[in-house]
Structure formats: C-alpha cells, structure tokens
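Reconstruct the complex from the two isolated chains, following the hints.
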Amino acid sequence: MRTGPLLSARNVTRTWDGVHGCRDVSFDLYPGEVLCVVGESGSGKSTLLQALSRQAPPQSGSVRYDTREDGFVDLATLSGARLRLLARTDWGFVRQHARDGLRMQVSAGANVAERLMAVGGRNYGDLRRAAGNWLEKMEIDPDRLDDTPVAFSGGMQQRLQIARNLVTHPRLVFMDEPTASLDVSVQARLLDLLRGLVGDLGLAAIVVTHDLAVARLLAHRTLVMRDGRVVESGLTDQILDDPQYPYTQLLVSSILQG
Amino acid sequence: MQGETMMAVRGLCKTFTLHNQGGQRLPVLDAVDLDAAAGECVVLSGPSGTGKSTLLRCLYGNYLATSGSIRVRHGGQWVELTDAPEQQILELRRDTIGYVSQFLRAIPRVSALDVVADPLRRRAADAGRARERAAQLLERLRVPGRLWSLPPATFSGGEQQRVNIARGLIGGHSILLLDEPTASLDEENRAVVIELIREAVAAGRCLVGIFHDAAVRDAVATRILPLQPIPAPAPALEGI
Chain A
0 MRTGPLLSAR
10 NVTRTWDGVH
20 GCRDVSFDLY
30 PGEVLCVVGE
40 SGSGKSTLLQ
50 ALSRQAPPQS
60 GSVRYDTRED
70 GFVDLATLSG
80 ARLRLLARTD
90 WGFVRQHARD
100 GLRMQVSAGA
110 NVAERLMAVG
120 GRNYGDLRRA
130 AGNWLEKMEI
140 DPDRLDDTPV
150 AFSGGMQQRL
160 QIARNLVTHP
170 RLVFMDEPTA
180 SLDVSVQARL
190 LDLLRGLVGD
200 LGLAAIVVTH
210 DLAVARLLAH
220 RTLVMRDGRV
230 VESGLTDQIL
240 DDPQYPYTQL
250 LVSSILQG
Chain B
0 MQGETMMAVR
10 GLCKTFTLHN
20 QGGQRLPVLD
30 AVDLDAAAGE
40 CVVLSGPSGT
50 GKSTLLRCLY
60 GNYLATSGSI
70 RVRHGGQWVE
80 LTDAPEQQIL
90 ELRRDTIGYV
100 SQFLRAIPRV
110 SALDVVADPL
120 RRRAADAGRA
130 RERAAQLLER
140 LRVPGRLWSL
150 PPATFSGGEQ
160 QRVNIARGLI
170 GGHSILLLDE
180 PTASLDEENR
190 AVVIELIREA
200 VAAGRCLVGI
210 FHDAAVRDAV
220 ATRILPLQPI
230 PAPAPALEGI
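Those protein sequences? They're chains A and B, same order as listed.
Okay, so the first sequence: first residue is 0 according to numbering that gives the first Met the number 0, each after it adds one.
Okay, so the second sequence: first residue is 0 according to numbering that gives the first Met the number 0, each after it adds one.
Hints in this document: simulated from the structure, not taken from any laboratory.
The structure displayed is predicted, hence computed values, not measured ones.
For glycine and all other residues, C-beta sits at the position ideal for the given N, C-alpha and C.
Just so you know, not all the hints are guaranteed correct.
Incomplete in silico selection of chain A near chain B, CB under 10 Å [as the list claims (entries may be wrong)]:
hint	residue
1	D27
2	L192
3	G195
4	G198
5	Q248
6	S252
With the rest of the complex left out, here is chain B (with noise of 0.2 Å):
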C-alpha cells in the first residue's frame, strides 16, 4: 500500500571536522541514498556508530550535509534540503517534517500539555483544539493526568519519552522521524507506542526511524535499511 515517494536521498556523505582536535575528520555517513514514501516506516540499522542518529538528523536540517542531496516533498513541491533558506526548512519543520528525539528536550515553566500542544498550535490550530489533542494522546500514551500541568522536567525517562512521542505525533506531519522512541519504555508502554506507529503509516504518513529493540523493529518496519559502517581512515597522528 506505498504511497508517493515523500523523502528522496542522493549520495548522502558526513564528514565531521574537529577545528579544536587539530583538524582531524570524522567521516560518518558515505554516499547514502533512501528513499522512503507515504504508508512506509523504513528502519535504519545496522552497529552504533554507523551514523544512523547522525543521518536522521541530516534528514531534519539539524546537521548540515557535507554533500549529496535530500529533497523532501513539501505541499506539492520537492525542496532541496540542502540548499533551502533558512526561513523554508523551519516551514518544513512546521509543516511537513517532524522529529521525535531521543531525549525531551524540557522548556522550564511550560506544562506537558502545552509542550504536547505546541506543534499543532503552530500549524494554527486553535488552543482548546490542541489542548484537547494533546490530552487524547497523553491519555492513549498513559501518562497520568495528575502530570498533564506540570513542566515536565521531573518526570521520569519513560514519562518524557511518552510526552516527547505525543509531541511528535500531534502536528499531523506528513514525514516523521524517529529516533529510539521506545529506548526507555516497559512493555506495556512500548506496546502503545507500536500501535501509534502503525496508525501513523496506515494513515499515509512518511516514518523513517531507529529503533534498537528488535521486537518494536518487526512490529513496526515496512523495510529496513542496513546502514555500512565506514572503515576507519588512519588517524592524524600530528594532530594529537
């Protein structure tokens, strides 16, 4: 049931450069091409440092690509990640391509209602719609509703992973990228998780994700994406 092409990735490289290491350069990502359409969750995997966080990042505007390219379908256009002006990729971000991160990152004073909310508020929704939105997802991820008002800085891991998750989920976003949505989660909980994934590409959403657990990882990918670690190059020993 695959859908129109939503995400196309061309030849994809990475390299970090360490200016205060004496310059040395970590290659991460070489050449990755992915496609991945609406009604997919494409899996990346492969060991930890093959640069499956690094390339989901990419994905999202947060790493500049060193080359390649990335053209995402945005409305009814594709746009040139790479190379689109700052003001397009955050209209990307608002309306089209969502990222749930590993870690929430906390707003102090700023309720995990509203933290749920914000990403639909921004796409113009009405504050009482979001709200409610919010609440209906907070509910179906099981985070008690005595926590809905407070900022959720305390929270345990597993609480801000649901309020992170909801928050990712609620802008209705077309392309969402998912980074270990379920690392911290028991089983009950991971259990949610999975079904709200699989709502999501029934719904013709776009998910690209990491996912280490290898029972979320069947229950979830439509394909997988195996993702080459790059030999070590010999180090700059005159940098160190």
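Same shape as in the complex, but just chain A (with noise of 0.2 Å):
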C-alpha cells in the first residue's frame, strides 16, 4: 500500500519581473523520496525552492502539503503563524553558504539547541546532549561545541547547518546547492553523510543542484529545469542514462568522464 504525496505542485509560477523565475512546475513528492532539480544558473532552479516553501510566494499554481495536524492543505490558506511553525519544526532549510543558514556569533551547540528551543526544548542539560549527539552524527569533534562556526572550515560549517536543519527531526528538507561551496575532497564526505541520513531518518528532500553526480548519489528521481520550466522528468538514473530532450542530452554528455 503506497501512501500519498507529502507534497504536490501543481502549475507552480513565480517570476521576479514577469520573465525569469519559474513556470508551470508540477510534481509530487513521497514521503522519503529524494528528488533532484538540475539546470544551469538562471534556469529557475532557486526560485522554485522558495516558491514552494513560500518564502516567495507562487503567482499562480498550488502547492499542498500533508501536515501533521490538518493533513493534505493548500500552504497558501496557512497563515504566516502557521507557516513559520511548519518552516521551524517539519521543515529544514539548507543553504548554499552555510553563513546564510547558520547564527555565525553563537556557538556550534548553540545553533543546533537553538531550532530544539524554538519546538519547546527547554532543559539545559538535554539540550547540551542533542547539540553534542549532532555534531558526532556530523563527524564534528563534540569538543567543538563551544566554539563559534566562525573558526570551523567551510565542511564543517555546512554539516554544522545540516545538524542544526535535523535536530528537530523534519520531515521535508529544501536544500539549494549543498555542496557547491565546498571542495571536492570535502563534497564527497558530506554527500555520503546526507546520504546515510535521508535513508536511516526518512528523510524527504528537495535537492537543487547544477552538479549531476550529486543528483546520481543522491535523488530518486530527478527535474531538469531549463528557462523556467521542467523539460524532463523522470527516475535520477533513467535521466541521466537516457536522456531524451537536447538540453538533458547537452548536460549528460558534458560530464568529464572521471
């Protein structure tokens, strides 16, 4: 017995001056399912993130989720209350320079306690312990709990904005170019981090990235965006092995062969 959508788009458009954004995006997301947007800068990859988790509303088209509370909603009847609520607890957020998604003036533990207080979490001592736990689960010495992201490498910085993303166990996680800032050395580390977390927390993702090999480990099924709309769809590795559309094709075969 499959269950339904966690998510479902339908027509989804915003565009910033009434031609770049994004255009008549559908699709449905499952509950653990991760699913890549590939396409070049400009393709509408970024837009389509925020469009779906509000942070810029669509113009027109749908966008629903299963809430834990009401089930299947439109976002766009939910209240700013309400959807900062969602944003907090079943959603995460991972940005492309973890400086955006982390507070750089507090501390690791901080940062991970601080989106734990905001779901009610109040004892000092267990607060502590999570921070400590995440920071282990993220190959960051616990030792560093203290310090401020501002002394960590770029690596340890994002993994630092992942823990902070999971610690409230999220069920969705929007994530805009997750590795692009990072070295390769580093990329592949995190990428098989993310990995085993999806798999073991059931996670559900949304993942924009212009890199395909971050699509290939990643995504169960992937949207290559050209221009503002989706051009193809369709399982990550039927996608990548047998592209249909010139743009899909163009981007496959511009893959240096390692």
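Written out as structure tokens, the structure is:
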C-alpha cells in the first residue's frame, strides 16, 4: 500500500520580472523520497525552491502539503504564523553558503539547540546533549561545541548547518546547492553523510543542484529545468543514462569522465 | 520445471535520438518479443551491437522504451513498466526486479558488506540479518574477509564484480537481470557464480542475462534468445 504524497505542486509559477523565475512546475513528492532539481544557473531552480516553501509565494498554481495536524492543505491558506511553525518544525532549509543558514556569532552547540528551543526544548543538559550527539553524527568533534562556527572550515560549517536543520526531525528538507561551495574532497564526505541521513531518518528532500553527480548519488527522481520550465523528469538513473531532451543530452554529455 | 510467466515483452522498440548530433536516430531494438518464466534462465545472444544490454536496461526501466509493452508480474498482479509511475518502478526495483550491471557503481565510504546488505535492508530486513546474509554471500563468492569493511572503490575488477553479484542476489528478487556478471572473473570464481545462478533458477527465480563466455552460457542457460541486428539506416548526411 503506497501512501499519498507529502507535497504536491501544480503549475507553480513565480517570476521576478514577468520573465525570470519558474513556470508551470508540477510534481508530487512522496515521504522518504529525494528529488533533485538540476539545470544551469538562471534556469529557475532556486526560485522554485523559494516558491514551494513560500519564501517567495507563487503567483499562480498551488503547493499542497501533508501537515501532521490537518492533513493535506494548500499552503496558501495557512497563516504566516502557521507557516513559520511548519518551517521551524517540519521543514529544514540548507543553504548553499553555510553562513546564510547559521548564526555565526553564537556557539556551534547553540546553533543546533536553538532549533530545539524553538519547538519547546528547555532543559539545558538535554539541549547540550542533543547538540553534542548531532555534532558527532555529523562528524564534528563534540569538543567544538562551544566554539563559534567562524572558526570552522567550510565543510564543517556546512555539516553544522545540516545538524541544525535535522535536530527537530523534519519530514522535508529543502537544499539549495548544498555542496557547491565546498572543495571536491569535502563534497564526497558531505554527500555521503546526507545519503546516510536521508536513508536512516526517512527524510524527504528537494535538492537543487547543478551537479549531476549529486543527483546520481542522492536522488530517486530528478527534474531538469531550463528557462524556468521543467523540460524532463524521471527516475534519476533513467534521466542520466537515457536523457530524451536536447538540453538534458547536452548536460549529460558535458560531464567529465573521471 | 518451468513456472509461471514473470515477464512478457511485446513489440519492444528502442531508438536513440541524438539531438546534439543533428537529431541522428539510432534504432537498436526492433519489435522484440520475450517471455520469461520462473525457473528459467533466458540468455540473450547475438553479436555486439544487437542491443542485448539495451534490452536489459529497458526491462529495468533504466532506458525508456520507444514503443511496445513490457509487462512484469509484481506480487499478484501485472504491471506495465512502460507507463508505470516512477514510484511504482522504484517499488518494482525494491521488491521484484534485481539488476546486476557490468560494473559496480561504488558509493564513497560505504563498506563492501553494507553495499551488499543494502537491497535486503531496503526490503525491511533487520540490519543484523542483512549483514549476516551479506557475509555468507561474500564468503561464498570468495571475497577475502579483510575487504568486507572497506569501500569497494579500490578493489580489483574481479572483486568489485563479485560484490556486485552478491548485491544483486541478496534481495531475493523474483526477476533478476544479469549483464555479463562473469566478464572479469577467473575460472574458479566463474564456477562459483555459475553455481549461484543455477541455484537461483532451481529456487524458481526468473533470470534474463547476457553471457559472452560460451562455457558459462551453456552451463546456465535454459533457453537462448537470439537478437537480430537491425539493418543500418542510410546516414543522415546533412546532420554531420
């Protein structure tokens, strides 16, 4: 028995100037599923992410989400407060640049614990323990709990950002180019951690990336965007091994063979 | 001892259209029919370029059929693979159709034991049991125990291939697609793989495979399906 979708997008359109942005995007995302959105810069991938999460609400189309409390609802009908609560508890946002998703002035431990406090965590010892566990899970030495992320390497900052997002056990994580700002050597480690986490926690994720190797490793399904529209979608291995559309064929054939 | 039909292919065509090569069209499969039943090992034969691997990939949903029908028995019902929703294909791959590719796609930092155990874990087996079964298969395939905890990226071609075979067999899928699983193995290891394949057939699994080595083919095949080369079309000169 398959369950219903966690998120369902229909004809989502969001443009910034009537031209640039995303248009008419439709897909369903199921619980535990990782969907990659690939395409070159300016193809509307990041705008789509913002439209889905209502950071930049769609001008037309609908995004429905299976909330824990009320079941499947159109996000446009939720109050600002409800949306913020949803974003804090049931969703995570991993930004390309960790410094946009972290508070750089407070300690690593506080960065993680803050999300827990937002959902009612109060006991100092528990919060500290949970933060320590998450640092360990993300392969950050728990001795760094009291250091601020300013002193962390780029890869560590990114792993801390992920810990901060996952500590509340969200069901859906939006990721915008999570590995793009990292060295290749650090990317593999992060990808592998992410792969393990989405598997173990049964997370659903929508991952924007221009890197097809990221899609190959992480995603069950892939959407290919060009000029704001989805030009092709399918199982990730099918898209990469048997691309149908001219643009996807060009994208796939441009991968450097290792 | 043939059981019920597990897979029925009718009129399957596959043509690749190379949009960045002037829209050149490469027909590879033309109206292929294939039935495969439980307890069978159907070996695809024909010179290279006749589309044997392409056919296997279509059967796995890795390549899209251009036209025709691929029906698969999934649980108690028939599923038309060519228009199944993506979620259903993922479910088919988890529960019904296994695929052993020619080369292992290594995942960074995941040990050989976990690479092998993974398909069984996805079928909701408990981690300990899945690893135990993975260890048995690796042992049987003579992959040295000191390698089990290491990621297979640095293994030899033959070792990787055996990890890949173990990974393909462990899930107990009722349909198994094998693309040259013995290509880089020495004789002794080939013999083990032949044994495992024959056991799978005897256990009532449905196998469709490609084996270039004639001795292996003769040892495992219950039936041979020759694929015919498609006559080459006149090259589209204007595109070149």
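- Going back to the hint list, which numbers does this structure go against? Structure breaks no hint.
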